[in-house]
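Peer 1: Sequence:
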Amino acid sequence: MRRLFRRLKKDDGTEEEVEVPTEAEAEPTPGAEAEPTPEAAGPPATAVPTPVEESPPEQEVVLKPASGTIPYHSNLTDRLLYLFNDSMTQSQMAGPDEFTIEFMAMGERFWIRKSANGPIEHGVGAIPDEDVFVRVSDTVTQELLSAATFDEFIKVYMEHYKNPGPGKFVKVELRKDVSSLNRMGYARVQLLKLIIGSVR
Numbered sequence: 001m002r003r004l005f006r007r008l009k010k011d012d013g014t015e016e017e018v019e020v021p022t023e024a025e026a027e028p029t030p031g032a033e034a035e036p037t038p039e040a041a042g043p044p045a046t047a048v049p050t051p052v053e054e055s056p057p058e059q060e061v062v063l064k065p066a067s068g069t070i071p072y073h074s075n076l077t078d079r080l081l082y083l084f085n086d087s088m089t090q091s092q093m094a095g096p097d098e099f100t101i102e103f104m105a106m107g108e109r110f111w112i113r114k115s116a117n118g119p120i121e122h123g124v125g126a127i128p129d130e131d132v133f134v135r136v137s138d139t140v141t142q143e144l145l146s147a148a149t150f151d152e153f154i155k156v157y158m159e160h161y162k163n164p165g166p167g168k169f170v171k172v173e174l175r176k177d178v179s180s181l182n183r184m185g186y187a188r189v190q191l192l193k194l195i196i197g198s199v200r
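Just so you know, we're using our numbering here: the sequence shown kicks off at 1 and counts up by one.
Think of the hints as simulated: they come from the structure by calculation, not from any bench.
Computed from a predicted model, the values in this text were never measured in an experiment.
Hints are supplied without guarantee of correctness; some may be wrong.
With a straight-line cut-off of 25 Å between C-alpha atoms, the simulated PhoX-like cross-links for lysine-lysine are [unchecked claim]:
#1 LYS155 to LYS168
#2 LYS193 to LYS171
#3 LYS193 to LYS162
#4 LYS162 to LYS176
#5 LYS193 to LYS176
#6 LYS193 to LYS168
#7 LYS171 to LYS155
#8 LYS155 to LYS193
Cβ-Cβ distance ranges computed for the label pairs, FRET-style [said to hold, decoys possible]:
#9 TYR72 to ASP177: 36 to 46 Å
#10 ASN117 to ASN163: 32 to 42 Å
#11 GLY167 to SER87: 30 to 40 Å
#12 ARG188 to MET158: 29 to 39 Å
#13 GLU173 to MET106: 12 to 22 Å
#14 ALA116 to ALA148: 27 to 37 Å
#15 ARG183 to THR139: 28 to 38 Å
#16 ALA148 to PRO128: 29 to 39 Å
C-beta: ideal position from N, C-alpha, C; glycine also.
The task is simple: from the sequences and hints, build the whole structure.
Peer 2: As structure tokens, then:
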């Protein structure tokens, strides 16, 4: 290793050689830290993927009008109005749906109708330009009023519509063609399908 010397002049005039330290021998600067080697730093951190929660698939909801117990009604008008205004029946109806139905039960005529984008209305007596005219015998009317559920109501109605007998019948007269009735909502709303006798 090569050493460096420097001559220093003393106060008495003589000279003295002094060894000068090289850069390699110089003391490290205080506070300076050695850079860590890749081995000392350790392996790079691996990102952990965040688990994604999958939402359960939506279940299809099948709507059925008045699927629960039907409350007591003293006449067929009130019972039909209850079924028409039931939330399930309303959910099957579209705003443009319209119908006019005239009934004959217990010796009295009454009607129920809905205009396009309008509410359910009803009245007593005959009504012009009806879609359907329905006659129900007194005995069957009492059976319909005794039905505790909509399923039972359907069963009684369809039984006496398909198999009418003396004093026990449901007679349906269509005053408009089927294609026109279907466009008005009779093909979609279960209660309307029942009234015209098209429920399977």
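Peer 1: State for each hint whether it applies.
Peer 2: Status of the hints after comparison with the structure:
| no. | hint | result |
| --- | --- | --- |
| 1 | LYS155 to LYS168 | 14 Å, holds |
| 2 | LYS193 to LYS171 | 14 Å, holds |
| 3 | LYS193 to LYS162 | 14 Å, holds |
| 4 | LYS162 to LYS176 | 20 Å, holds |
| 5 | LYS193 to LYS176 | 14 Å, holds |
| 6 | LYS193 to LYS168 | 21 Å, holds |
| 7 | LYS171 to LYS155 | 15 Å, holds |
| 8 | LYS155 to LYS193 | 13 Å, holds |
| 9 | TYR72 to ASP177: 36 to 46 Å | 38 Å, holds |
| 10 | ASN117 to ASN163: 32 to 42 Å | 38 Å, holds |
| 11 | GLY167 to SER87: 30 to 40 Å | 35 Å, holds |
| 12 | ARG188 to MET158: 29 to 39 Å | 18 Å, violated |
| 13 | GLU173 to MET106: 12 to 22 Å | 18 Å, holds |
| 14 | ALA116 to ALA148: 27 to 37 Å | 34 Å, holds |
| 15 | ARG183 to THR139: 28 to 38 Å | 35 Å, holds |
| 16 | ALA148 to PRO128: 29 to 39 Å | 36 Å, holds |
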